[in-house]
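Chain order of the listed sequences is A and B.
Residue 14 in the UniProt record's numbering sits at position 14 of the first sequence, with consecutive numbering throughout.
Residue 66 in the UniProt record's numbering sits at position 66 of the second sequence, with consecutive numbering throughout.
Calculated directly from the structure, the hints in this document are not laboratory data.
Careful: at least some of the hints might be erroneous.
Note: identical chains are not told apart, hence a pair may lie in one copy or across any two.
Said to hold, decoys possible - The calculated lysine-lysine pairs, modelled on DSS-like cross-linking and capped at a C-alpha distance of 30 Å, are:
(1) K8 - K33
(2) K37 - K85
(3) K8 - K131
(4) K37 - K8
There are 2 protein chains.
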Amino acid sequence: MYPRSIQKLIELFSHFPTIGPRTASRFVFYLLKAPDKEFDEFVEALRNVRRDIRQCSFCFNSFEVAEDQGQTGLCVICRDGTRDKALLCVVEKESDLEALEKTKQYRGRYFILGGVNGILKKEGPQNIRAKELKDRMAGEIQEVILALNPTTEGEATVLYLERLLKPFGEKISRLGRGLPVGGELEYADEETLRSALEGRK
Amino acid sequence: MYPRSIQKLIELFSHFPTIGPRTASRFVFYLLKAPDKEFDEFVEALRNVRRDIRQCSFCFNSFEVAEDQGQTGLCVICRDGTRDKALLCVVEKESDLEALEKTKQYRGRYFILGGVNGILKKEGPQNIRAKELKDRMAGEIQEVILALNPTTEGEATVLYLERLLKPFGEKISRLGRGLPVGGELEYADEETLRSALEGRK
Chain A
1 MYPRSIQKLI ELFSHFPTIG PRTASRFVFY LLKAPDKEFD EFVEALRNVR RDIRQCSFCF
61 NSFEVAEDQG QTGLCVICRD GTRDKALLCV VEKESDLEAL EKTKQYRGRY FILGGVNGIL
121 KKEGPQNIRA KELKDRMAGE IQEVILALNP TTEGEATVLY LERLLKPFGE KISRLGRGLP
181 VGGELEYADE ETLRSALEGR K
Chain B
1 MYPRSIQKLI ELFSHFPTIG PRTASRFVFY LLKAPDKEFD EFVEALRNVR RDIRQCSFCF
61 NSFEVAEDQG QTGLCVICRD GTRDKALLCV VEKESDLEAL EKTKQYRGRY FILGGVNGIL
121 KKEGPQNIRA KELKDRMAGE IQEVILALNP TTEGEATVLY LERLLKPFGE KISRLGRGLP
181 VGGELEYADE ETLRSALEGR K
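Please construct the entire structure, taking both the sequences and the accompanying hints into account.
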């Protein structure tokens with residue numbers, strides 16, 4: 001048995017996404033071996049993130065409090081007057097937003113859903129920000145892009161959101177399907193190939 | 001681009017063993033979403049581990065300072081008078097020691113090498129506690145068990161240690177090789193099968 005305080009930290013690291021007890025124990029020994037300076041830097045960075053980061057009151061994206069000088073409560077994207085307020089792109093999580101931003105193709109705003117609907121009945125829409133999304137529809141929005149993952153859960157959530165948003169009358173679109181760039185035709189699954197044929201141009 | 005303080009923490013988590021930037025960013029958002037209580041518990045556990053854990057002056061195993069009431073500087077295993085001081089089991093790292101302890105078969109002491117020799121010339125024995133191991137040989141030790149991983153680096157280190165310890169005249173052994181329990185013969189590699197044949201009983 002590891003000493004008690006090591007066991008405690010292994011247990012807490014085991015709650016981190018994708019981490020099991022084996023990797024968690026490697027983390028603990030990594031931190032035990034780290035020089036004081038590195039360890040203190042790590043603890044400070046943890047504290048800073050909790051102190052300095054807020055969630056945007058419109059889209060739930062993270063932003064640095066210090067950079068929001070007008071105290072708008074909005075993230076750097078929602079604060080940007082040049083972004084097209086008629087477009088709203090719904091994503092599951094923050095890293096999906098980052099991936100779309102990197103393309104530099106999209107100039108509207110986002111909405112972070114915070115999850116997807118499970119495909120089992122009991123994991124219903126309580127996991128996602130459905131109510132908040134409906135509230136956003138009151139604004140100038142003309143098109144909603146549902147940019148969710150092409151997985152079973154993502155598809156289920158798209159169907160759910162389409163029903164939810166239909167009464168508002170905005171145009172609703174999804175991301176295009178097809179072959180991923182750099183991918184090979186012979187390894188593509190049937191559904192992807194079917195979508196690629198349908199979406200040909 | 002993520003806000004600066006998020007980027008900083010992603011960078012620090014990326015230095016953790018086995019972690020890349022993608023998982024690191026999932027860690028950051030996991031911590032941002034955690035309730036205050038959980039977050040504070042995590043930071044406290046980090047601080048406690050650094051404050052309360054020391055390395056054994058004999059075997060380099062970790063121990064809780066508060067439990068070493070005689071201030072021996074020794075871990076709970078080395079402090080245990082019932083352990084056989086004639087046996088020394090050399091392991092690469094602390095989790096290997098834990099794995100052996102779980103068998104409840106070994107009643108001697110350990111020595112944590114802190115690494116293995118690389119197979120390239122320039123990664124020489126400077127990574128491992130070779131000098132410290134030699135120093136331990138002055139005591140009552142009669143048998144040294146080299147319990148290193150059966151990998152190329154582990155083998156290279158075993159050969160190196162055999163040469164290093166030969167002048168002391170103690171018996172040197174290695175862990176037995178063979179089929180892992182629950183493993184299947186048809187999937188075993190040639191070397192393992194050869195070892196299993198040699199080690200038959």
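Hint by hint, here is what the structure shows:
When the C-alpha separation of K8 and K33 is checked against a cutoff of 30 Å, the pair qualifies both within a copy, at 17 Å, and between copies, at 21 Å. Proximity of K37 to K85 under the C-alpha cut-off of 30 Å is found in neither arrangement, the shortest distances being 45 Å within a copy and 37 Å between copies. When the C-alpha separation of K8 and K131 is checked against a cutoff of 30 Å, the pair qualifies neither within a copy, at 38 Å, nor between copies, at 33 Å. Within a single copy, K37 and K8 get their C-alpha atoms as close as 23 Å, and across copies as close as 15 Å, so both meet the 30 Å cut-off.
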